[in-house]
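Novice: Using the hints provided, position chain B relative to the given structure of chain A.
Those protein sequence lines, which keep their order, are chains A and B.
Residues 69 to 705 (this note's numbering) are what the first sequence spells out, left to right.
Residues 120 to 406 (this note's numbering) are what the second sequence spells out, left to right.
Derived by calculation from the structure, the hints in this document are not laboratory data.
Ideal Cβ positions, reconstructed from N, Cα and C, are used throughout, including at glycine.
Some hints here could point you the wrong way.
What the hints assert, rightly or not - Partial selection, computed: residues in chain A whose CB lies under 10 angstroms from chain B:
id	residue
1	LEU75
2	ILE150
3	PRO152
4	GLN155
5	TYR156
6	ASP283
7	LEU704
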Amino acid sequence: MKTLIMLQLRKNSVSFRTLITAMLASIPLALLIKSGHMPSREAVNLAMFYWLLAGIPLGALALAGSSGAGAAKETAFNTEQILPVPQYTLLLSSLAAVLLQVAALILAAYAIMGFALPLAEMSFEHTQVYRFYLFSMAYLVLYGFTLSYAFKNGMAGAGLAAAAAAATVVPLVTMSVFQEFSFKILPLIQLKLFICASALAGGAAALKILSGTSDRQENKSAGKLFAAALLLAAPALTTLASLAVLNIEVRKIMTPVPSNWFFPNEEKYLPGSSAGKEAPGAVLVQKPFSGEVFMIDESGRRAVIDPGTTSSEWGYILFPNLKRASAKRLTDDSGTTWILYSGSDGRELFGGNMDDGFKPRAKLGQTWSMHFISGKVPGILDEREGSHYYAALPPQKDGLKWEKIPGQTAEAYGYIAARYARKGETAVFEKDMRTLVSGGKHWTLPDARATGASVRGIKLNDGINFLVPRKNGDRYTTYLCRPDGKVSALWPHYFQLPGNLSTTPDGTVYGTLLTPVVSGEDLRVKSIDPEFYILKKDGETISGVRTGRILEKTGLNYEDISLLRADDSCLWFNAGDKYLVKARIGNTEDFTLWPLPPSIKGRSYSVAVSASANGIFIVAKEGVYFMNWEGGLKKLF
Amino acid sequence: MNTTNEAILTVKGLSKTFGARSVINDLDLDVSRGEVVGILGRNGSGKSTLFKILLDLIAADRGGVRVLGRSPDGSGKLRGLIGYVPEKPAFHTFMRVEEVLELRSRLFPRWDMAKALALCKRLELDINAKAGSLSKGNTAKLAWVAAVAHNPELLLLDEPTSGLDYLVRDHILTGLVSELAEGGKTILISNHRMGEMGGLLDRVCLLKEGRIDAGYSADFLKTEVFRISVRLEKDKFREGPGIKLLSRSGSLAELAVFGRENMEKIKTGAEISAMDLDTVFKALLGE
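Chain A on its own, in the form it takes in the complex (with noise of 0.2 angstroms):
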């Protein structure tokens, strides 16, 4: 096989200098013609770039079509077809001998690039483009050798391997683009490398089975002929119907509406807001693909926010245009449910209920962070322009009165405490940094100040507490400050609301510590194991519950946990949007795993699962589903 290469790499030898030598030729050109202020080393670049994306490929083309075609006259079947090796191994040492020269052309394009590309320099689909760049190069050698065999004719086999190459390779580009910023819907890995297979090991297929009807003159019969062609076209058909099933299946898809992308949770500057839970029993649900936007409760009912538009027809072919929502809700003490939206169209306040359906209440400008407010009067904070700005609900006839709020941040956030906050709701410190006050009353706290903030209070059965941490040396406590002035030591760790700990739908406060678990005397991290400190509305406390078994059965990592409710004996947890949990407490060794119907993963970092107060909702990539607390599925939509 050497020796044949070898006499390959000969016959091409003209064909491959022409070709080097361009190539070296175009470093002085480009130094000659490169405007005065871009430095030298980044000409060549340029001009090693275009010879990359544009020249190679040409050239890699021009080989494969004359090889492929001297490989099929008769000067080949009389001067080398008589040697006695089989004619199969004939074209494979010519087609090596061109992927050898094609290689050698981009190794010496990446050298004087100095061995890197000019990322700085390249185009995001470019960048793409570059994923697939050694695949595409020998498929175009392949391909371009094989049919200009099949055809006799080097221009013809080149077109048409050029043809394939886009066919196959822009689908998968685009494919892989999408998944990468949307959804991972296709199994893509798996399908790139059953097309590179396909590709390479079809096309060496198809070739012997035109090497035996062309050489070997065996009978030519339709099936023989079919056969090499469906080997030829299995790379693009399979990749066409990929991004057809993409197209569809992305049409289905439904995600939960995440309140993150225009309207940001930091709520830890905002004393006295206690704004965003989920509605009890809803749950806001996007389509994608229309801009569909709906509101569905546990028995299924829908009220559409935003019906969405048709996407552009050119989705088919190119990748879908998704629209992303985002919102955050308010429900307040007469059921009206008020949604702050931000769809396709621009930003609105959105209000009403489950039984009449959601109405614009009030356009909504730019902002660079929107809040609700729930204290005495539910309302809205924006900042923008370096400013608070304040309006209440509902909106007058003419649309949010907006109110200007003095000072910056901190003084802001004072104000907004100060007047906004329901009494009671907030504690804030006095000069001493020990004594915490609120409504009247004070807690005297042991240890040293860890943080000056003023403290959100949480509502349990005896009333509104406080959990503040302290410190002592390098040490921490939590400790809560009851509504009949006592203070008790929590959790021997820093724990604070909305800091590191999170709230239920019932109610339940809980934060998590994650514990290394090493192993041997080199304290090497085997895993890592959350902690749970759990805080009961009934003001039961529950320390250092872990997850690890749980973690271990179900195959997922530290960060995919989060506890959904507490009751008197159980607790119940969402184990990566994958299964709902339900563990002793004391022992949650001893769960129950119920599987949850699949979602779909995109950047918006939405949890498809969501608790009310009988069970979940699950925003599953094809429908909505609810489980109550021990199991039971129920498709909503």
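Specialist: For chain B alone, coordinates are given in the frame of chain A:
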């Protein structure tokens, strides 16, 4: 010629079609070791196709082929054991003669480079000449060297003298082929002008309509074929087995008669004479 009964080549029921055209049609052929066999046929009768099948260059549609104990399997190994001189020899034009031979030395398992160079010298072939600049005669010489330098047991010569001038033809045929035949090599020669093969042949097979229509030993062709001049009764004549019409002028005709037994069928008084081999072969081909 030295022959044995060992079959070096056996073909049974061989068939090959190209599209709708049947080129070889149920052909049988046996060749013993050491035989020199001529395949006689008109242009397009399938001689080259037969050779290509024997060389494992093209696949037969049906039938069995055994050459040197192997069947053609697409691997090309048979070609390493057979010396082949094609009708239109061709070499890579950018190679020198010596490079052509070096290439073959790396591919043919039994290549003898010393023999190749010695043959080049004997045939007055410049090893430094570019293959693309060689004349037709020198190209033929190079083809011969390439065919015999790996000491093949079987030689297939496809129209070996086609287009060559008398001197080159003589150089190759009388000198080289004789030597090979006396050395016990088995040779299969296809030619539509078999007359110039002369005394080299042991046997001639007539390839007609895709099959071996008849086979004659060389001795038979030399001694048992006669020319007869006759007057045809009522201007009617039909060729029969062993009797072929050579020429005709009115009722006068010249016939070629194959075999003494066929002579008995002809009325006495006819003018009988021996026939030269060229004419015999022309008669067999129907030319």
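Novice: Taking the hints in turn, state whether each one holds.
Specialist: Against the structure, the hints:
At a threshold of 10 angstroms, the smallest CB-CB gap from A/LEU75 to chain B is about 7 angstroms, leaving the interface hint in force. Taken as an interface hint, A/ILE150 checks out: its beta carbon lies about 6 angstroms from the nearest beta carbon of chain B, inside 10 angstroms. A distance limit of 10 angstroms between C-beta atoms decides the matter here; for A/PRO152 the minimum to chain B is near 3 angstroms, and the interface restraint holds. About 7 angstroms separates the beta-carbon of A/GLN155 from the nearest beta-carbon of chain B, less than 10 angstroms, and the hint is met.
Hint on A/TYR156 holds. Least Cβ distance to chain B is approximately 8 angstroms, under the 10 angstroms limit. The restraint placing A/ASP283 at the interface with chain B holds, with a minimum CB-CB distance near 8 angstroms, inside the 10 angstroms limit. Taking 10 angstroms as the C-beta cut-off, the interface hint given for A/LEU704 is violated, the closest approach to chain B being about 64 angstroms.
Of the numbered hints listed earlier, the single one contradicted by the structure is hint 7.
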